[in-house]
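Protein chains in written order, with this note's numbering: chain A, 4 to 382; chain B, 31 to 305.
Hints should not be assumed to be uniformly reliable.
On the chain B side, residues computed to face chain A include the following (Cβ under 7 Å) [said to hold, decoys possible]:
hint	residue
1	T96
2	A106
3	L113
4	L295
Just so you know, the hints here were simulated from the structure itself, not pulled from any lab data. None of these values were measured; they are calculated from a predicted model. Idealized CB from N, CA, C, for every residue including glycine.
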Amino acid sequence: MAELKLMQGNEACVMGAIHAGMRFYSGYPITPSTEIAELSAELLPKYGGKFIQMEDEIAGVAAALGASLAGLKSMTATSGPGFSLKQENIGYGIMAEIPIVIVDVQRSGPSTGLPTSPSQGDIMQARWGTHGDHSIIALYPASVKEIYTTTIKAFNLSEKYRTPVILLLDEIIGHMREKIDLEELKNIEIYDRKKPTKSDDKYLAYKVNDGDIVPEMPSFGEGYRFHVTGLVHDETGFPSNNESVADKLLNRLINKIEDNKQDIVNFEEYLLEDSEYAIISFGAISRSSKVAVDKLREQGIKIGMFRPITIWPSPEKEISELSKKVKKIYVVELNAGQYFLEVQRIVSGQCEVRKYGKINGDIIVPQEIISFIKEDIYA
Amino acid sequence: MPSELINNYFRTETLPHIWCPGCGNGIVTRAIVKAIDNLNIPKDDVCIVSGIGCSSRAAGYLDFNTLHTTHGRALAFATGVKLANPKLHVIVITGDGDASAIGGNHLIHSARRNIDITTVVFNNSIYGMTGGQYSPTTPMGDKATTAPYGSIDPNFDLCELANAAGATYVARGTVYAVNILEKVIQEGISNKGFSFIEAIATCPTYYGRKNKKGSAVDMIKFLKEHGVMYTAWQKMSEDEKIGKFPIGKLYTKERKEYTEQYQMLIDSLGKESNQ
Numbered sequence: 004m005a006e007l008k009l010m011q012g013n014e015a016c017v018m019g020a021i022h023a024g025m026r027f028y029s030g031y032p033i034t035p036s037t038e039i040a041e042l043s044a045e046l047l048p049k050y051g052g053k054f055i056q057m058e059d060e061i062a063g064v065a066a067a068l069g070a071s072l073a074g075l076k077s078m079t080a081t082s083g084p085g086f087s088l089k090q091e092n093i094g095y096g097i098m099a100e101i102p103i104v105i106v107d108v109q110r111s112g113p114s115t116g117l118p119t120s121p122s123q124g125d126i127m128q129a130r131w132g133t134h135g136d137h138s139i140i141a142l143y144p145a146s147v148k149e150i151y152t153t154t155i156k157a158f159n160l161s162e163k164y165r166t167p168v169i170l171l172l173d174e175i176i177g178h179m180r181e182k183i184d185l186e187e188l189k190n191i192e193i194y195d196r197k198k199p200t201k202s203d204d205k206y207l208a209y210k211v212n213d214g215d216i217v218p219e220m221p222s223f224g225e226g227y228r229f230h231v232t233g234l235v236h237d238e239t240g241f242p243s244n245n246e247s248v249a250d251k252l253l254n255r256l257i258n259k260i261e262d263n264k265q266d267i268v269n270f271e272e273y274l275l276e277d278s279e280y281a282i283i284s285f286g287a288i289s290r291s292s293k294v295a296v297d298k299l300r301e302q303g304i305k306i307g308m309f310r311p312i313t314i315w316p317s318p319e320k321e322i323s324e325l326s327k328k329v330k331k332i333y334v335v336e337l338n339a340g341q342y343f344l345e346v347q348r349i350v351s352g353q354c355e356v357r358k359y360g361k362i363n364g365d366i367i368v369p370q371e372i373i374s375f376i377k378e379d380i381y382a
Numbered sequence: 031m032p033s034e035l036i037n038n039y040f041r042t043e044t045l046p047h048i049w050c051p052g053c054g055n056g057i058v059t060r061a062i063v064k065a066i067d068n069l070n071i072p073k074d075d076v077c078i079v080s081g082i083g084c085s086s087r088a089a090g091y092l093d094f095n096t097l098h099t100t101h102g103r104a105l106a107f108a109t110g111v112k113l114a115n116p117k118l119h120v121i122v123i124t125g126d127g128d129a130s131a132i133g134g135n136h137l138i139h140s141a142r143r144n145i146d147i148t149t150v151v152f153n154n155s156i157y158g159m160t161g162g163q164y165s166p167t168t169p170m171g172d173k174a175t176t177a178p179y180g181s182i183d184p185n186f187d188l189c190e191l192a193n194a195a196g197a198t199y200v201a202r203g204t205v206y207a208v209n210i211l212e213k214v215i216q217e218g219i220s221n222k223g224f225s226f227i228e229a230i231a232t233c234p235t236y237y238g239r240k241n242k243k244g245s246a247v248d249m250i251k252f253l254k255e256h257g258v259m260y261t262a263w264q265k266m267s268e269d270e271k272i273g274k275f276p277i278g279k280l281y282t283k284e285r286k287e288y289t290e291q292y293q294m295l296i297d298s299l300g301k302e303s304n305q
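Just chain A, same shape as in the assembly:
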């Protein structure tokens, strides 16, 4: 029996999160992410979970990190300016290997910008917003149903790789309403953090066991009495200034993500088999791009679309392969050309790369993509 609902994107995010096991939410009100907090406040206590509206954005992410260490799957959501405020503690979560999900419903910026016009301006902030060298997982769905499934994936990856996972949405898909069948989504697999079994007396909180990707993670209060810090630390968890300890830890934190791209990276290929041209596009704008692909094909142009769902780490292998096949890649994004830089880096001259972007608060509609590409091809 289908369980059909008309659901908003932000609402699907909360429903997916609860499905994934979210039992703690802490955040601060900001549009266009507010519905995520509102629905979490309504639903979490009904599931025995906890919601708290904190005094600021920084406290919103900090409390979520604390709750995760105490054993609850935790999430916080924000938009543009709030995402900037959360960055220091996202770095803390990376360093201390604490699973949480941070949702950023992107809006135009910099600063307060055009409240709250859509934007895809946080692509690079998601990658490099926190200071220091690190890797990051950032996912970006493009429909209400995919928000539901990708939120679950974000939790699963955060638990599996013990790291904050950023879920990028945008004002358009966050506020859009679409049909969703909850029945067909009910059997999605859920991953829970691996806990240690108390055997030896010398417990090493940050030791990776043979065959594991990350250290096992007990909760505070379960008898392990471990130490958590944002300082460089060795396997015991205690701070160290030793160069080889720092080298080993920081590279392990990067490599646990970069070495597992085949598990983490997710993407959609649309009509690329015979394509001479390709669009790379994501989130709400990929929907305009898809329509543009259909229309351009009707006009005889062999074009397809590659849509990264995992924005970071980027689908490097796939984009590189694509660039060997096509004459030209168009990166269509609602910013001044952020992912364009990453695509250019990957393509490294194997084909031509052009960008189409916009930063005036307006969305990108199919017709302008069509005009841009046709002018470019027939120029």
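Based on these hints, arrange chain B on the given structure of chain A.
Relative to the frame of chain A, chain B by itself:
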């Protein structure tokens, strides 16, 4: 030979600590441990959360669940820990800059919520870790590396701040009056609600040297001569109070505790499950 208290409650492999000779932080840390020991709380049930600064390094030395967070954010992390697992006795170790400058917002809101967390502020009137800059508790007129002509910033009375914001147990101790410090921390942990303890500590290296306060012993003597028990303080005239400060239990009040209130909300809704 380390004392039994050190053997039982400190991670001796992480010692010696990083604090300077004459620093008061060790005395405050011992008082916290002694208070926990007096209350017989199992070590597994204690969670120490700290921020950034000299005092916040104490967390790493203690054999509990310990969380050394980002600058100013100890109370925000602690709020998540406590709400997620209300059975834990959550104690925040923080400094004057950490708690009242960069973390001041979290302090007033934790007090407002009356969440069951005991906060011990190691107040040495200076940013020590960064080399002696003035903090919100540096007395007006005193010198610091960033106040070379004397600070023109009025200083906070942290106990008055915590009380006004809603803390249900507020006390002050000093690194001289150790028994009182232990006692008020113990009472703070026992209080079901937000407890705020200001522990006046000494920093001879930066604050003391900049302000010609003498040796560590001289600074502790100053605390002996100027800290007055609150019962005696209340009987003093305004003139007699000048230059002195009250110690001991200052304020208590009855208010509902936050995590209990949240549990009542959950219970009233009836638990649903998505499994």
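Q. Out of the numbered hints, which ones does the structure contradict?
A. As far as the earlier hints go, not one is violated by this structure.
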